[in-house]
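Undergrad: Here's the letter readout for the chains.
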Amino acid sequence: MKLSPEELSSQTLKPETLEFAVQQVKINGYVVFDSILSADFVKELHDAYTEVFNEYLKDPDPTFNKNHYRVFLPFRPPFNDERVVAHPLVVPILDAVLGKDFVCRYFASNTCAPGSEYQPAHSDIFPLFANHPDFKPPAYHVVLNVPLVDTTEENGPVDMWPGGSHFNTIPGDQIKKLTEVMPAQPAIMPAGSLMIRDGRMWHRGTLNRSNAIRPNIALVYFRSWLNVNDCIGIPHEQFDGLSDRAKHIFRKEKIGAPLDTPFTHRARMKAKK
Amino acid sequence: MKLTPTELDTQTLAPETLTEAVREIEVNGYVLFEGVLPADFVQELHTAFMNVFNAYIAKTDTNRGSNRYQMHVPFTAPFNDPRIITNPFVMPLIDAIIGKDAICNYFASDTPLPGSDYQGVHSDMTPLFPETDTIVPPYALVLNIPLVDFREDNGPLEIWPGGTHLRTPPSEQIQKLAPLMAHQNVLMPAGSLLVRDGRMWHRGTPNRSDAARPNMALIYAYHWFGIGYPRIGIPQNTYDGLSDRAKHLFRLEDIGGVLAHS
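Here the protein sequences line up with chains A and B, keeping their order.
When you line the first sequence up against the working numbering, it's residues 1 to 273, in that order.
When you line the second sequence up against the working numbering, it's residues 1 to 262, in that order.
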């Protein structure tokens, strides 16, 4: 959705916009605010990201699907800018959807490169109560996506199944069968948009037929009790510079640890296994 | 409930007992198997517990109101005996309610001393969706094992069964509602197994006897439920010696870590 000039200049949602956006997340599974970040800032992010990504490509993880990469981001400028980690247009939505105690526990990116193939449709998070399929919990895992380029029909927009799939976190083979008869919608949006989606909503990466990568920053905000066997390494000098709200949002991470790179993050996850 | 001699001999719940016990937890908030652990084992636990406990309180301020202590229990013998951590009467309840993928993420105790007072009525669990009125299935079960008889005079646990596990309003509302609602003291012999939905409202009561009233407390939960306590310290060789089920239950804890109070 497009925000009004007043909302953009004040960086504050009107109450009715907030309510409508929250309703979209709760009912439709997602909301997009088009072109929120300034072109300058998006360029800065894109340049910095390209460096991280090229470094990562020297030793990438095996990909589950061809030319789709998940790259953890270092918690440093420009990536940890408040406009990314605690955007004033995003936080009120998260407050309403997850409760004010929410945390961010995932700081990464998803990038499809030219030649990427379709991913199987999937949820990003497991069901809480797989043994109670009729119990439909409210949101507990919400993803913020920030595309660093315009996503178009050509460059691998994420296909989404909005409208209710977030209430049905079912096994992959069942999702596969159902998505054959359920319409998908490509997430086409300008660079610097903010997409807030329930992590359960079914989606998949698609074909990048362009000649450039399509990077997409991905943060995940959790209810504070949601246990993950992972954390973000945040040096003191980065944590200390955050706003009080951002400090609260990242309070459960490894504060005082060395700056995580995609490689140190991978090494830590391997050591845990 | 009392288990039958056959159930006690075979250490197996009859199918109808299991069904009934699961229903009691899901609907009433708890089930009690009375006096299940053998007396000599309870005695061994009690002696070992009081050693750890006395050393603990000598250097620790009271932490659950006056003369009342929560204490993490070291993951070592006799406390980590299979009869405690993977009790054959308890595991089928965990399987039925949480599933085989459950974790145990809390290994501790609650002990009121003489001179303790009433606690505020409370739930033990963070509500999952506090800003909504969603009724949530059970996600964390507490296993309590009293190491002495719980009597009227020594500070028994007081519970609000019948449905309070389905709603966790803010504390001030619980305090206001609780006096109007049915409640009961859990009187039970040492070595009983009390399995309760951790959300069921309850409180500690004054211990007017002349001895401590220790109660072990373990929490079994879905793997995704973080309770906010530090992980249980389990030395590697201890972990390696556990049964496969116990390994699976404690897989997310601090394996290779140090024992509590060491």
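Calculated from the structure, these hints are not laboratory results.
Just so we're clear, the structure is a prediction, and the values are computed from it rather than from any experiment.
Do not rely on the hints blindly, as some may be mistaken.
[Unchecked claim] Partial pick of chain B residues on the chain A-facing surface, computed with a CB cut under 7 angstroms: (1) 17; (2) 19; (3) 79; (4) 96; (5) 99; (6) 124; (7) 134; (8) 225; (9) 229; (10) 230.
Beta carbons: idealized from backbone N, C-alpha and C, even for Gly.
Undergrad: If any of the earlier hints don't hold here, list their numbers in rising order.
TA: Violated hints: 1, 2, 3, 4, 6, 9 and 10; rest satisfied.
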